[in-house]
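Those sequence lines, one after another, are chains A and B. First residue of the first sequence? That's 1 in my numbering, and the numbers climb one at a time after it. First residue of the second sequence? That's 1 in my numbering, and the numbers climb one at a time after it.
Please keep in mind that the hints were generated in silico from the structure rather than gathered at the bench. Take the hints with a grain of salt, since some may be wrong.
Where chains are identical, the list cannot tell them apart; a pair therefore holds if satisfied intra-copy or between any two copies.
Result set (BS3-like, lysine-lysine): computed pairs, CA atoms no more than 27 Å apart in a straight line [said to hold, decoys possible]:
| # | residue 1 | residue 2 |
| --- | --- | --- |
| 1 | 30 | 237 |
| 2 | 30 | 254 |
| 3 | 137 | 81 |
| 4 | 265 | 191 |
| 5 | 203 | 30 |
| 6 | 137 | 97 |
| 7 | 237 | 47 |
| 8 | 229 | 172 |
| 9 | 155 | 172 |
| 10 | 254 | 141 |
| 11 | 30 | 289 |
| 12 | 232 | 265 |
| 13 | 294 | 141 |
| 14 | 11 | 203 |
| 15 | 75 | 15 |
| 16 | 75 | 141 |
| 17 | 141 | 15 |
| 18 | 137 | 75 |
| 19 | 15 | 47 |
| 20 | 191 | 157 |
| 21 | 232 | 15 |
2 protein chains.
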Amino acid sequence: MKILAGPNSEKIAQKIAEQLNLNQLGLSYKLFSDGESYLQIEGNPDKEDIIIVQTTFPNQEKSLLELLLLSKTLKELGADKIIAIIPYLCYARADRKRVDGEVVSHSITMDLLSTAGIDSLVTVNVHNSEVFHNTAKDLEKYNLSILPAIIDYFKDKITEDWVIVGPDKGSKEDIALFAKELSLPSFVLEKYRDPIDHDVRFKDTEYECQSKSIILLDDVITSGGTALKAIKLLLEKNPSNIQFVVVHALAENKVFNEMREMGVKDIISVNTIPRDDIEQIDISLLISKFIEEKFL
Amino acid sequence: MKILAGPNSEKIAQKIAEQLNLNQLGLSYKLFSDGESYLQIEGNPDKEDIIIVQTTFPNQEKSLLELLLLSKTLKELGADKIIAIIPYLCYARADRKRVDGEVVSHSITMDLLSTAGIDSLVTVNVHNSEVFHNTAKDLEKYNLSILPAIIDYFKDKITEDWVIVGPDKGSKEDIALFAKELSLPSFVLEKYRDPIDHDVRFKDTEYECQSKSIILLDDVITSGGTALKAIKLLLEKNPSNIQFVVVHALAENKVFNEMREMGVKDIISVNTIPRDDIEQIDISLLISKFIEEKFL
Numbered sequence: 001m002k003i004l005a006g007p008n009s010e011k012i013a014q015k016i017a018e019q020l021n022l023n024q025l026g027l028s029y030k031l032f033s034d035g036e037s038y039l040q041i042e043g044n045p046d047k048e049d050i051i052i053v054q055t056t057f058p059n060q061e062k063s064l065l066e067l068l069l070l071s072k073t074l075k076e077l078g079a080d081k082i083i084a085i086i087p088y089l090c091y092a093r094a095d096r097k098r099v100d101g102e103v104v105s106h107s108i109t110m111d112l113l114s115t116a117g118i119d120s121l122v123t124v125n126v127h128n129s130e131v132f133h134n135t136a137k138d139l140e141k142y143n144l145s146i147l148p149a150i151i152d153y154f155k156d157k158i159t160e161d162w163v164i165v166g167p168d169k170g171s172k173e174d175i176a177l178f179a180k181e182l183s184l185p186s187f188v189l190e191k192y193r194d195p196i197d198h199d200v201r202f203k204d205t206e207y208e209c210q211s212k213s214i215i216l217l218d219d220v221i222t223s224g225g226t227a228l229k230a231i232k233l234l235l236e237k238n239p240s241n242i243q244f245v246v247v248h249a250l251a252e253n254k255v256f257n258e259m260r261e262m263g264v265k266d267i268i269s270v271n272t273i274p275r276d277d278i279e280q281i282d283i284s285l286l287i288s289k290f291i292e293e294k295f296l
Numbered sequence: 001m002k003i004l005a006g007p008n009s010e011k012i013a014q015k016i017a018e019q020l021n022l023n024q025l026g027l028s029y030k031l032f033s034d035g036e037s038y039l040q041i042e043g044n045p046d047k048e049d050i051i052i053v054q055t056t057f058p059n060q061e062k063s064l065l066e067l068l069l070l071s072k073t074l075k076e077l078g079a080d081k082i083i084a085i086i087p088y089l090c091y092a093r094a095d096r097k098r099v100d101g102e103v104v105s106h107s108i109t110m111d112l113l114s115t116a117g118i119d120s121l122v123t124v125n126v127h128n129s130e131v132f133h134n135t136a137k138d139l140e141k142y143n144l145s146i147l148p149a150i151i152d153y154f155k156d157k158i159t160e161d162w163v164i165v166g167p168d169k170g171s172k173e174d175i176a177l178f179a180k181e182l183s184l185p186s187f188v189l190e191k192y193r194d195p196i197d198h199d200v201r202f203k204d205t206e207y208e209c210q211s212k213s214i215i216l217l218d219d220v221i222t223s224g225g226t227a228l229k230a231i232k233l234l235l236e237k238n239p240s241n242i243q244f245v246v247v248h249a250l251a252e253n254k255v256f257n258e259m260r261e262m263g264v265k266d267i268i269s270v271n272t273i274p275r276d277d278i279e280q281i282d283i284s285l286l287i288s289k290f291i292e293e294k295f296l
């Protein structure tokens, strides 16, 4: 088994290769002057199982196409099984048809990955796990939860006045588990869509946060609008501080600056999307352990 | 038969629909705050042959993915035959394996188009016509030459002192035909790669251009480096002026500004890539005529 780092995931691929003690294939990569990617795989993938690591943010479509091109080429070069590690899986938001004629991008991109020769796909905190498992029947699919890595990250840092908060009902199970593992209290906020202006708002909460240290844990942040509203509501409860923890940090830098200006103490994301402007929790060990158990 | 305009080709699709007197399907299109495309097809494609028009520059990977998503969704919605008009076909440059392990993006993207449900593909001045026709066996492929539209554009404008120039041997046939149709003299330049610095240069040419009006016709321009060198060489021949004509204008605006500063009189491209900074030759009629002959 060998590892190939996609252009978007060199660092995490390097870590996984070291943790699993696997050799890496090389990749010669450049952009042509019109922006197209040039890719050349170095080393021999013939009769080998190959792990490709390529997250699909930023530049979702480019990252995705590079992954398809690499996978198909590896198969042409004689690779045996291809395991794609996609720490953040893009185009998963449109997961079902809500109105007639809507493009359900999630299932189509999964089909494309399968037709490009990928045999197994490992991702982290996918947008909709149930739909994910029902797509692309020929593809072996695994959705890892980041929660163990987040719990690990926090377990030596907590003090007694901490409280774990989730931004909506959808986060209820994760929040309960997170709080239980750290023996801390928790609650989730209630989100609703205003019937008149269709804006997302939060109901006030009865939970007491006075002088508490809040960890607000969210799955994903894009425009940041909803997260900023949740933070605003929580700040009105006079906590001693707020730490914002998000799995997939898709938002622009300025969103996090705004959080800092509001008084958020720490902003932490997971390196499913590599960033150097905020603290990151490393998922490589979680992925390596899974690969070891499942494929080695 | 109905037409669907992809997000990158609304104007040209509109023209083709009018010329062929076909109804258009609607497309609801937006970008999510993380940059992903949302697509919803309006109208009924069931049991219809559908023409999708989507050029693949700028944003090659995004345009390509949108095309794949639309095509697959149209098939799911019951569309019969899908004819994709891709005025500029991206990722066609890597057309064969030059070194071991090289990703041959052209054949892979063609396979992706085929697996996404496209039955016929119509493009214009593809990078390598021979390879193009040998890709994706299940896909009906048509490569139109833009030359008739360029000849049409110039035929009422010429005066006797014009000369047609091609930038390299590859353009020889097109240049000869172009010149013959307009009853004008022509020649092609000789390009070579410097054996030491690997830079592209032009050999001096014996052809006389003194006080001539030159039309320099190129297939594609990206960084512009080669075209600017050809123009520099031709300017040394003291022509009365130079018009630069290019089919696929991928270059940045600043390249054309540099040409203007050098003294190039007119810069003209084809709307295979829509631009508003340079004069454009419209290919919609050429495409419409082809569709009419072949599919109606």
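The hints, checked one at a time:
Taking CA atoms no more than 27 Å apart as the test, residue 30 paired with residue 237 passes in neither setting, with 51 Å inside one copy and 37 Å between copies. In this assembly of identical chains, residue 30 and residue 254 lie within 27 Å of each other by CA distance solely across copies; the values are 22 Å between and 29 Å within a copy. In the homo-oligomer, the alpha carbons of residue 137 and residue 81 lie at most 27 Å apart both inside one protomer (16 Å) and across protomers (25 Å), since each shortest distance falls under that limit. Taking CA atoms no more than 27 Å apart as the test, residue 265 paired with residue 191 passes inside one copy only; the shortest distance there is 23 Å, against 61 Å between copies.
Proximity of residue 203 to residue 30 under the C-alpha cut-off of 27 Å is found in neither arrangement, the shortest distances being 50 Å within a copy and 29 Å between copies. Taking the closest pair of Cα atoms, residue 137 and residue 97 come within 27 Å of each other only inside a single copy of the chain (19 Å); across copies the shortest separation is 32 Å, beyond that limit. Taking identical chains as interchangeable, the C-alpha atoms of residue 237 and residue 47 are never at most 27 Å apart, the minima being 60 Å within one chain and 59 Å between chains. When the C-alpha separation of residue 229 and residue 172 is checked against a cutoff of 27 Å, the pair qualifies only within one copy, where the shortest distance is 18 Å, while the shortest distance between copies is 64 Å.
In this homomeric assembly, residue 155 and residue 172 come within 27 Å of each other (Cα to Cα) only inside a single copy, at 20 Å, whereas the closest approach across copies is 71 Å. Taking CA atoms no more than 27 Å apart as the test, residue 254 paired with residue 141 passes in neither setting, with 35 Å inside one copy and 47 Å between copies. Taking identical chains as interchangeable, the C-alpha atoms of residue 30 and residue 289 are never at most 27 Å apart, the minima being 32 Å within one chain and 39 Å between chains. Taking the closest pair of Cα atoms, residue 232 and residue 265 come within 27 Å of each other only inside a single copy of the chain (14 Å); across copies the shortest separation is 59 Å, beyond that limit.
For the identical chains of this complex, residue 294 and residue 141 are intra-copy neighbours only, at 12 Å inside a copy versus 43 Å across copies, given an alpha-carbon limit of 27 Å. In this assembly of identical chains, the alpha carbons of residue 11 and residue 203 never lie at most 27 Å apart, being 41 Å within a copy and 46 Å across copies at closest. For a Cα distance limit of 27 Å, the shortest separation of residue 75 from residue 15 inside one copy, 24 Å, qualifies, whereas the shortest one across copies, 42 Å, does not. Taking CA atoms no more than 27 Å apart as the test, residue 75 paired with residue 141 passes in both settings, with 19 Å inside one copy and 25 Å between copies.
In this homomeric assembly, residue 141 and residue 15 come within 27 Å of each other (Cα to Cα) only inside a single copy, at 22 Å, whereas the closest approach across copies is 44 Å. For the homomeric pair residue 137 and residue 75, the shortest alpha-carbon distances inside one copy (19 Å) and between copies (19 Å) are both at most 27 Å. When the C-alpha separation of residue 15 and residue 47 is checked against a cutoff of 27 Å, the pair qualifies only within one copy, where the shortest distance is 24 Å, while the shortest distance between copies is 51 Å. Taking the shortest alpha-carbon separations for residue 191 and residue 157, neither the intra-copy value of 29 Å nor the inter-copy value of 66 Å comes in at or below 27 Å.
In the homo-oligomer, the alpha carbons of residue 232 and residue 15 never lie at most 27 Å apart, since the shortest distance is 37 Å inside one protomer and 50 Å across protomers.
Taken one by one, the earlier hints fail for this structure at numbers 1, 5, 7, 10, 11, 14, 20 and 21, listed in ascending order.
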